[in-house]
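Q: Sequence:
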Amino acid sequence: MSTGAFSIDQLMELAGLAVSQAVYRLQPLESGRRILVACGPGNNGGDGLVAARHLRHYGYNPTVFYPKRSKNDLYQRLAKQLEDLDVPFVDDFSSAVSSTDHIVDAIFGFSFSGEVREPFPAVIQALQETKLPVTSVDAPSSWDIENGPPESGLGSSFMPTALVSLTAPKPLVKHFRGRHFIGGRYVPVQ
1 MSTGAFSIDQ LMELAGLAVS QAVYRLQPLE SGRRILVACG PGNNGGDGLV AARHLRHYGY
61 NPTVFYPKRS KNDLYQRLAK QLEDLDVPFV DDFSSAVSST DHIVDAIFGF SFSGEVREPF
121 PAVIQALQET KLPVTSVDAP SSWDIENGPP ESGLGSSFMP TALVSLTAPK PLVKHFRGRH
181 FIGGRYVPVQ
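Residue numbering for the sequence shown is 1 to 190, as defined by full-length UniProt numbering.
Since the hints were made in silico from the structure, they are not lab data. A few of these clues could be false.
Said to hold, decoys possible - Across the chosen pairs, the derived CB separations fall in these ranges:
| hint | residue 1 | residue 2 | range |
| --- | --- | --- | --- |
| 1 | VAL90 | GLU115 | 17 to 27 Å |
| 2 | SER157 | LEU74 | 29 to 39 Å |
| 3 | SER157 | ASP86 | 34 to 44 Å |
| 4 | SER156 | ASP73 | 35 to 45 Å |
| 5 | SER156 | ASN72 | 26 to 36 Å |
| 6 | GLN10 | ASP84 | 14 to 24 Å |
Said to hold, decoys possible - List of simulated lysine to aspartate or glutamate pairs, EDC-like, C-alpha gap at most 20 Å:
| hint | residue 1 | residue 2 |
| --- | --- | --- |
| 7 | LYS71 | ASP101 |
| 8 | LYS68 | GLU83 |
| 9 | LYS170 | GLU151 |
| 10 | LYS131 | ASP92 |
| 11 | LYS71 | GLU118 |
| 12 | LYS68 | GLU118 |
| 13 | LYS80 | GLU146 |
| 14 | LYS174 | GLU146 |
| 15 | LYS131 | ASP101 |
Quick caveat, the model's predicted, so the values are computed rather than measured. C-beta atoms are modelled at their ideal positions from N, C-alpha and C, and glycine is treated no differently.
Given only the sequences and the hints, what does the whole structure look like? Please build it.
A: Below, the structure written as structure tokens:
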């Protein structure tokens, strides 16, 4: 799929904006301002960092769980922008869940395959057990892009409240049963 000559920075900004707008619709400010954004080390995590920045500007109080920080300059700049806005970064996901109103799952996305590796198994377990609303970015973490949730084990019962598909819905959406948002209608049809 073509990116329409957009740079990765631009795509990440557009994706993070789309995620923040979905959260804004799902979790109005008067319903709770505390948003926990769980970020993985790749592009999905970058989308989460951008979403956290936008949520801060909307008046939310985001907290970021980002245990495997990328050494890539783009991701370092995104993290610095959040630090400059006094957005806290936490190391203990379980404790952070107990003091939040909504979770953004930006751990694994489109390119995820294989087993969930440390430190994320406990996070996926918490996501599938929480009663809080969860918004997943592009793909629920632990799901296969083609086949949806694992047939058994970790992630097999994870069903987020909402999914923000970026650029276009992926085949996994046939297994999804929540609110579905499309972010990324900026890429030309070819």
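Q: Does each hint hold? Answer for all of them.
A: Hints versus structure:
{"no.": "1", "hint": "VAL90 x GLU115: 17 to 27 Å", "result": "25 Å, holds"}
{"no.": "2", "hint": "SER157 x LEU74: 29 to 39 Å", "result": "34 Å, holds"}
{"no.": "3", "hint": "SER157 x ASP86: 34 to 44 Å", "result": "36 Å, holds"}
{"no.": "4", "hint": "SER156 x ASP73: 35 to 45 Å", "result": "37 Å, holds"}
{"no.": "5", "hint": "SER156 x ASN72: 26 to 36 Å", "result": "32 Å, holds"}
{"no.": "6", "hint": "GLN10 x ASP84: 14 to 24 Å", "result": "21 Å, holds"}
{"no.": "7", "hint": "LYS71 x ASP101", "result": "30 Å, violated"}
{"no.": "8", "hint": "LYS68 x GLU83", "result": "16 Å, holds"}
{"no.": "9", "hint": "LYS170 x GLU151", "result": "18 Å, holds"}
{"no.": "10", "hint": "LYS131 x ASP92", "result": "18 Å, holds"}
{"no.": "11", "hint": "LYS71 x GLU118", "result": "18 Å, holds"}
{"no.": "12", "hint": "LYS68 x GLU118", "result": "10 Å, holds"}
{"no.": "13", "hint": "LYS80 x GLU146", "result": "35 Å, violated"}
{"no.": "14", "hint": "LYS174 x GLU146", "result": "9 Å, holds"}
{"no.": "15", "hint": "LYS131 x ASP101", "result": "10 Å, holds"}
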